[in-house]
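In terms of our numbering, the sequence shown opens at residue 43 and continues consecutively.
No wet-lab data here; the hints were simulated from the structure.
Hints are not guaranteed to be accurate.
Label pairs and their calculated CB-CB ranges [stated by the list, open to error]: (1) D96 with L173: 25 to 33 Å; (2) A97 with L430: 29 to 37 Å; (3) A384 with E355: 18 to 26 Å; (4) G327 with N133: 38 to 46 Å; (5) D318 with D70: 49 to 57 Å; (6) N133 with E355: 32 to 40 Å.
Below 30 Å or equal to it, Euclidean Cα-Cα: the simulated DSS-like pairs (lysine-lysine) are [what the hints assert, rightly or not]: (7) K104 with K73; (8) K89 with K103; (9) K104 with K378; (10) K364 with K130; (11) K398 with K104; (12) K378 with K404; (13) K404 with K104; (14) K364 with K404; (15) K59 with K364; (16) K103 with K378; (17) K103 with K398; (18) K103 with K73; (19) K364 with K302; (20) K388 with K103; (21) K89 with K104; (22) K130 with K388; (23) K378 with K388; (24) K404 with K302; (25) K404 with K130; (26) K404 with K388.
Ideal Cβ positions, reconstructed from N, Cα and C, are used throughout, including at glycine.
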Amino acid sequence: MAKKDRYIVGIDIGSNKTCALVCQPAPDSGKLEVAGLGVAESRGWRKGVIVNLDAAVLSLKKAVEAAESSAGVPVDSAYVGVAGPHVKGVNSRGAMALGQAPRGTQEVTRDDIRQVIQTARGISLPPDRSLIHVLPQEFLLDSQNGIRDPIGMLGSRLEVNVHLVMASASATQNVVTAVNRAGVVVRDTVFEPLASAEACLTADERELGVALVDIGGGSSDLIVYYQGSVRHTAVIPLGGDHFTNDIAVGLRTPIPEAEKMKRLWGERDPSRPNDDLVEVSSVGGRPTRVVSYAILSEIIEPRALELLELLDEELGRSGYGKQLGAGVVLAGGGAKLGGLPALAEKTLGLPVRVGKPAGLLKMGDVLTSPAFATVVGLVAFGNRMRLLRDARQSGWAGKIWNTLRGKAQ
């Protein structure tokens, strides 16, 4: 059994579910293996922010206790996801002169890397904004761009391009407070699509150019990679709950029944005829009714098209819409909507696949669902931080670039 402090825990608080995943390093493999999973219905949470702290804490406690029971160990600390319309991403650049040595003879050191990144993150933030990620894209040395690891190279001026991810300070602190009140220390907060990318994207996709869209309940989070680095992040204020509400209104059925209808539509074999029938409960004690899947499609597809059109517009704003050689990867619970990948390919003109989490041992069938991409990625992110701490103790100069870019080896 691994020592308690070697366990890595991820907590994903979504609009519909709260889940805690406990993993540990597998003996002799260097990989992580699943030790326990806890899932609870989310309460007190809407569109990426807490609206009822006590209810959110109760959901967290249920998920954490279930994970502890499954893993057989206490959960003391965790990496926690944040998302929602309050999260924003911007690109920034930092620059510095390299000491007083003659031009072209100053060697770049680890301290120089830290300092130039610090200048890139030194933008003026509004009072209620906090910086949660500084993601290096590339270094420049005497105007030579495209440098991935400048340590040991010679030059007189060092620059760095970074992507900054900012969030509402109060919204983020409320998440931390809720997790703390559930008895868990927050090791770090992680932008959820960054975590999902850890679980679902390959190194080749990141290098070639790829957009990952994490379709949650209240919103859909976008992250764009090109040449191995994060180039753009954004939040689209439309998610799976909008589909559920449309079904509830269109079929005049309660929200839980609408959620069930959405799930049935997503799991349905697309080769089946649309005139297949399904029973739907009515509101106010009225008799159940029978509707066809064609009616469901008429309700769901316009909202799906709206989401994809908003995504297409955001990719255009990113400047990388034409450079996504690996296309688009759909993650999150909304990725299970039947027919969405095909509609996305037609709308975006790009190859599209559903992202299934990978990279852990003993995952089972549940954790390979796109709905668990974030929590699997949070654990992977935590493991990367553990590797970084270990590398610092043994000399980490050669690892700094890959670590900062999310590709620690």
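Against the earlier hints, flag every one the structure doesn't satisfy and list their numbers going up. Hints 4, 6, 14, 15, 19, 20, 25, 26 contradicted; others consistent.
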